[in-house]
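Here is what each chain is made of, one letter per residue.
Number of protein chains: 2
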Amino acid sequence: MTESRRIPIVEKITSANDFVAQENREIFKQNGVFAINIMAAPGAGKTALIVKTIELLKNRLRIGVIEGDTASVTIDADRVLLAGAPAVQVTSKGECHMDALMVREGMKQLDLAALDLVIIENIGNLICPAGWDLGSQACALISSVTEGDDKPYKYPAIYRNLDVLLVSKTDLLPYVDFNLSYFQQGVEMLNPGLITFTTSAKTGDGMQPWLDWLLSKCQGQP
Amino acid sequence: MTESRRIPIVEKITSANDFVAQENREIFKQNGVFAINIMAAPGAGKTALIVKTIELLKNRLRIGVIEGDTASVTIDADRVLLAGAPAVQVTSKGECHMDALMVREGMKQLDLAALDLVIIENIGNLICPAGWDLGSQACALISSVTEGDDKPYKYPAIYRNLDVLLVSKTDLLPYVDFNLSYFQQGVEMLNPGLITFTTSAKTGDGMQPWLDWLLSKCQGQP
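Just so you know, the sequences run in chain order G and E.
Numbering-wise, this note's numbering puts 294 at position 79 of the first sequence, and it's gapless, one number per residue.
Numbering-wise, this note's numbering puts 256 at position 41 of the second sequence, and it's gapless, one number per residue.
Honestly, I wouldn't trust all of these hints.
As the list claims (entries may be wrong) - List time: in silico DSSO-like cross-link candidates among lysine-lysine, alpha-carbon distance up to 30 Å: (1) E:Lys244 x E:Lys432; (2) G:Lys432 x G:Lys417; (3) E:Lys308 x G:Lys308; (4) E:Lys308 x G:Lys227; (5) E:Lys227 x E:Lys273; (6) G:Lys273 x G:Lys227; (7) E:Lys323 x E:Lys308; (8) G:Lys227 x G:Lys323; (9) E:Lys432 x G:Lys308; (10) G:Lys323 x G:Lys308; (11) E:Lys323 x E:Lys432; (12) E:Lys417 x G:Lys417.
No wet-lab data here; the hints were simulated from the structure.
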C-alpha cells in the first residue's frame, strides 16, 4: 500500500503570452522606459505618424521602435531609421498580430537603458491584435478618416482596451465623408472618456497635444 | 488467434474547410451562380464598391450579397438592401476572417436559383482571409489608394491567389502620395498578369471594365 500523499493542485491562472507580457512590462519599467503598442488597420498611417513623432521629439526623448511585420521587407523600419531612431524589425511569418514573445525578441536588440520611449508598431489589423497583451504600458489605435466613421461600430473589440486614440489623415477631411461626431459617439459607447487626438502627420496639425501626452507619460517613468 | 484483416488506411487529403468550400462551389455551379469573394483592409471601400456595382448591374444581373462581419451591426447589409439586392449577414463573433461554413449558412438564406451573382463581402483584414477558401469561383481584392502603394510588398500572401484586383478611391489620387507603377510592380512580382481595374465608386470612374468582367463571368455560367 502506498502512503497517502497530498498532491498540490495548481490552477492555470494566465496564458503563456500574458506571463511573458507581464515580464516585458517589468523590464521596461526597470529600464525607465515607457512602451506603447500602436495598432491600426493597414494603411492607416502608423509609420507616418511614428516618423513624424520621432522627428518632433528626438531632441527631447530617446526613442526606439519595434516594428512588427508579416513579411520580411524592411520598408517601415527603414523609414524609422531615416527619421533618426534605432529600429528593430520582428517578422511574424504570416501571423496576423504581434505577441509578447515577438516583442521580447525585439527588446533584446535595443539598448533599453539608453531609451525613454519604445514604440511598438503592431501589424496592420483591426481584429486580432486586440486580444494580445504585448507588455506595453499603454495601447493606442490610429484610425484614419479615409477608413470611414463607422469603424468603432464594426470593429468594437479593439476600441475597448485603448488608452489613447489618434484620428489620422485629417488633411483629407475635405475630400471624404467622415462625420467626426458620429465616429466619437461610437467610441464613447465602447470606451467612455477615451483620450483622443485628431492629427495629420503630413501637415503636422494636431500633433502637439499627442507629443505632450507622450512626454508626460515618459516623465512619469521612474 | 485472430484472423488477419486488411485495415483500410485513408490519408487526410483536405481540411474540413476545403471540403465544405468544394461543396459550396458545386452548389453555386448547380444553381448557375457565379460567386466572388471580395477581400480588403478595413475601410478600403468594399461596401461602397459593392453598392455601386449593384446599382449599375441590377437591371442586367440578379445579385445577392453575403456580408461577413465581426460584430452584429448591420450597417453594410442595410446599405446593400437599400441598393436593391437581397443581403444576408453572417457574424463571425470576433473571428478575423470568413470560412466556408459561414458562407454555407449565408447561402441557405438566399434563393440561389433566382440569382446570377453572389458577392461575398469578407471581413476587413489583409492577412487572415488569404488562407481560407470559401467556395467562390473567384477571389478579388480591393486596395484603396489612401492605404499607400506599399501594400503588395507588406501583405504579399493575399495578392498571390487573386483572380482580380480593384484599386479603389481613385478620386482621392490628387491628395495622396500613391505611385501606381510602384504598386503595380509589387503586384506583378506576386501575381503576374493579374487583371486590375482602377475605380472610384464615388464618381463611377473606371467602373465599366469591372462590370464587363463580372458580366462575362456570369454569362459563362451554365
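Check: Can you list which hints this structure breaks, lowest number first?
Finding: 5, 6, 9
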